[in-house]
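Undergrad: So the protein sequences, as listed, match chains A and B. Sequential numbering of the first sequence, starting at 3, is according to my numbering. Sequential numbering of the second sequence, starting at 3, is according to my numbering.
Hints were generated in silico from the structure; no laboratory data involved. Here the structure is a predicted model, which is why all the values come from computation and not from measurement. Every residue gets a Cβ at the ideal spot worked out from N, C-alpha and C, and that includes glycine. It is possible that part of the hints are untrue.
[As the list claims (entries may be wrong)] One-sided and incomplete, this derived list gives chain B residues near chain A with beta-carbon spacing under 7 angstroms:
1. P95
2. A98
3. I260
4. V275
5. M291
[Claimed, not checked] In silico DSS-like links for lysine-lysine, alpha-carbon gap of 25 angstroms or less:
6. A:K69 / A:K183
7. B:K185 / A:K69
8. A:K185 / A:K160
9. A:K196 / A:K320
10. A:K226 / B:K185
11. B:K185 / B:K322
[Claimed, not checked] Cβ-Cβ distance ranges computed for the label pairs, FRET-style:
12. A:E205 / B:E309: 54 to 62 angstroms
13. A:D316 / B:G312: 56 to 64 angstroms
14. A:G162 / B:Q227: 47 to 55 angstroms
15. B:Q227 / A:A120: 27 to 35 angstroms
16. A:A120 / B:G23: 50 to 58 angstroms
17. B:D298 / A:G207: 44 to 52 angstroms
18. B:Q227 / A:D354: 39 to 47 angstroms
19. A:A124 / B:K339: 53 to 61 angstroms
20. A:F126 / B:N268: 50 to 58 angstroms
21. B:G312 / A:G207: 31 to 39 angstroms
22. A:F126 / B:Q227: 41 to 49 angstroms
23. A:R318 / B:D316: 57 to 65 angstroms
24. A:P218 / B:E67: 19 to 27 angstroms
25. B:D298 / A:R318: 52 to 60 angstroms
Protein chains: 2
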Amino acid sequence: MTASAAASINRQIRLASRPAGLPTNENWRLTEEAVPAASELADGELLVKTLALSLDPAMRGWMNEGKSYIPPVGIDEVMRAGGIGRVVASKHPAFAVGDEVSAILGVQEFARFGANDARRAALFKIDRRLGTATQWLNVLGMPGMTAYFGLLDVGQPKAGNTVVVSGAAGAVGQTVGQLAKIKGCRVVGIAGGKAKCDWVVSELGFDACIDYKAGPSAVRDGLKQSCPDGVDVYFDNVGGEILDLVLTRLARGARIVICGAISQYNNESGTAVAGPKNYLSLLVNRARMEGMVVFDYAARYPEAIAELAGYLADGRMKSKEDVVTGGVSVFPEALLKLFSGENFGKLVLEVDG
Amino acid sequence: MTASAAASINRQIRLASRPAGLPTNENWRLTEEAVPAASELADGELLVKTLALSLDPAMRGWMNEGKSYIPPVGIDEVMRAGGIGRVVASKHPAFAVGDEVSAILGVQEFARFGANDARRAALFKIDRRLGTATQWLNVLGMPGMTAYFGLLDVGQPKAGNTVVVSGAAGAVGQTVGQLAKIKGCRVVGIAGGKAKCDWVVSELGFDACIDYKAGPSAVRDGLKQSCPDGVDVYFDNVGGEILDLVLTRLARGARIVICGAISQYNNESGTAVAGPKNYLSLLVNRARMEGMVVFDYAARYPEAIAELAGYLADGRMKSKEDVVTGGVSVFPEALLKLFSGENFGKLVLEVDG
């Protein structure tokens, strides 16, 4: 296997320019490099073949210049992406050829990790007995970790609370809602389209789901109907108008978890983000709005993975992945599904099935 | 004294209509009523003569229709106001003629309190040894309570933190900043005009003060210069553009206390409030924004009054009141000083010196 890898080509997607608004084909460049031979690896190095990549809303932020929670992807750099891969060559005593790992692989077919590579901190072996490769990118991966720590640590739901989650059928939302149900909360999702709403209610067991595409007052009316005692926890993946509408329905002492704002990521400029004009509801309701970044909880991922894998095993947690095939060359197009809301479940790009 | 009170007239300011934007003379009506004779009081009743009234930004909110943390003032009702008064007639065993009290007196010269009056919960005797009448409306009154619980309970400053407070020379801001200094923080104020800025630095001991009227980039540049390590706690009295600029300078894990938004209270409609477009800085910096309403802390006021009175006594806390004379008839005009930023210190209307 190392021999065939060495003979092949590593196709990569690099950032060619920074987008204004939605990324277009001009922002990307497909490059090819020779895959290093196993014999070229220095002590401590690893070569990993990409099996599947995680496509995430956060990627849009990584394409922008400027200070954020991690540095932006540089122009001409391989686009950053988390994924699942298989070790195809190893000069590291802890990894053997054939091991499966979760790592920041980048949008490429092979990733080489140096002995002192900064990305090594996020590289770990996965246990297929706990979940499939795509589940390791979903419930057991970043989205699951985000849902777990965002909901439990920041949102602090109590049994009987009403929890609202936007992007309910998405990667983070599906786990947030199911976890809140397991913790004894009433759960109301917000998602786009009847199919997604039906799924989170009938398959995932949410108490209700509001279809934000169902009409101009669908969210306002839906919240009023489904949250008669107000919203205790709002897990926000979308920002924009939906955040503003939820702000009008807060219960006393509510907690808003700011996890993302996918509705705002493709505005033409950073200054065009719509601020929540109803934020003074925080004052009236003695409520708080708090941001979270999943990487802060890295030391506690094992705790979350153990608990979530238990729910997957006993059937209390379901997962849905939307797997796009076609390899790294379809990445630019596949990514756009996130922003149109076209994906149904955690969006995954299969690179080598 | 009760005899002369009974012979006189109680002048009152009532809400005639709800303002759009800044209140105008048309929104108010001056009425006169006979002051009840002491003999008219039923058991448990009190008659209080107003000495001084507190003029507060929150009054603007009470004039609006709609759900808030307390019901709006009704049309034709006496405008709500806290104040200091002297008992001029009493059929209540706990109050004697001559006692001074803090109470929701309303904008009127005399206030009668029934035995089961809802306003009685906020009526208590004041101890002049702890502070002057105007200090009882300032450091020892609602502004001081707001500063104390907002800063300490919600803002949770740690020694060495950088604390920024807007409306720094105002009623709440002056106490927030001095209290933060006492707790070992670096304190940066934001205020309008050189005189106010000089005062909070030279008299109150703030480390710096940014004059937001000093030019279009004064706040941006001032924050950069005065908060090189970012802002750990922002106590927000103003909202609007200043809140947005502070959001760009947050330190990791910052706490924003949403106490008020005076820049937004006189917008033409409720929906015209400018939302903080940089709110995603909460995510990047794992920061939180939390609203507070001082009335929630009523059971703990004695604790705050004891601590703050101690600082007044030992000279570590100073207070400044901007006392307007002329009685209740000048209330409509005096209130506007708050929104133009013309007041310097806690705005008080002297009704009977």
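Undergrad: The structure should be examined with respect to each hint, and the outcome stated for every one.
TA: Now for the hints, and whether the structure bears them out:
Among the interface hints, the one on P95 (chain B) is violated; its C-beta lies about 36 angstroms from the nearest C-beta in chain A, farther than the 7 angstroms criterion. At about 37 angstroms, the closest approach between the beta carbon of A98 (chain B) and any beta carbon in chain A exceeds 7 angstroms, and the interface hint on this residue is violated. Because the smallest distance between the Cβ of I260 (chain B) and any Cβ of chain A comes to about 5 angstroms, under 7 angstroms, the interface hint for this residue holds. The closest approach between the C-beta of V275 (chain B) and any C-beta of chain A is roughly 5 angstroms, which is under the 7 angstroms cut-off, so the hint is satisfied.
Checking M291 (chain B) against chain A by beta carbon gives a least distance of about 5 angstroms; that is within 7 angstroms, so the hint holds. Between K69 (chain A) and K183 (chain A) the CA atoms are separated by roughly 36 angstroms; this puts the pair beyond 25 angstroms, and the hint is violated. Taking the CA atoms of K185 (chain B) and K69 (chain A), the gap is near 31 angstroms; set against the 25 angstroms cutoff, the hint is violated. For the hint linking K185 (chain A) to K160 (chain A), the alpha-carbon distance of about 7 angstroms falls within 25 angstroms, and the restraint holds.
Note on K196 (chain A) and K320 (chain A): the hinted pairing holds, with a Cα-Cα distance of about 19 angstroms set against a maximum of 25 angstroms. The hinted pair formed by K226 (chain A) and K185 (chain B) fails the criterion: a straight-line CA distance of about 44 angstroms is larger than 25 angstroms. Under the criterion of a C-alpha separation no larger than 25 angstroms, the hint pairing K185 (chain B) with K322 (chain B) is consistent with the structure, at around 21 angstroms. About 56 angstroms separates the C-beta atoms of E205 (chain A) and E309 (chain B), a value consistent with the hinted range of 54 to 62 angstroms.
For D316 (chain A) and G312 (chain B), the hinted distance range of 56 to 64 angstroms is satisfied, since their beta carbons lie about 58 angstroms from each other. Between G162 (chain A) and Q227 (chain B) the beta carbon distance is about 49 angstroms. The supplied range of 47 to 55 angstroms therefore holds. The hint said 27 to 35 angstroms for the Cβ distance between Q227 (chain B) and A120 (chain A), and at roughly 33 angstroms that hint holds. Restraint check, A120 (chain A) to G23 (chain B): a C-beta distance of roughly 54 angstroms satisfies the suggested window 50 to 58 angstroms.
Checking the proposed 44 to 52 angstroms range against D298 (chain B) and G207 (chain A) shows it is violated: the Cβ atoms sit about 35 angstroms from each other. For Q227 (chain B) and D354 (chain A), the Cβ-Cβ distance of about 53 angstroms falls outside the hinted range of 39 to 47 angstroms, so the restraint is violated. For A124 (chain A) paired with K339 (chain B), a C-beta distance near 57 angstroms keeps the hint of 53 to 61 angstroms intact. As the Cβ distance of F126 (chain A) to N268 (chain B) is approximately 56 angstroms, the hint placing it in 50 to 58 angstroms holds.
The hint said 31 to 39 angstroms for the Cβ distance between G312 (chain B) and G207 (chain A), and at roughly 56 angstroms that hint is violated. Remark: the range hint 41 to 49 angstroms for F126 (chain A) to Q227 (chain B) is upheld by a beta-carbon distance near 44 angstroms. For the pair R318 (chain A) and D316 (chain B), the beta carbons lie near 60 angstroms from each other, so the given range of 57 to 65 angstroms is met. For P218 (chain A) and E67 (chain B), the Cβ-Cβ distance of about 24 angstroms falls inside the hinted range of 19 to 27 angstroms, so the restraint holds.
At roughly 37 angstroms, the beta carbons of D298 (chain B) and R318 (chain A) sit outside the given window of 52 to 60 angstroms.
The structure shown violates the earlier hints numbered 1, 2, 6, 7, 10, 17, 18, 21, 25.
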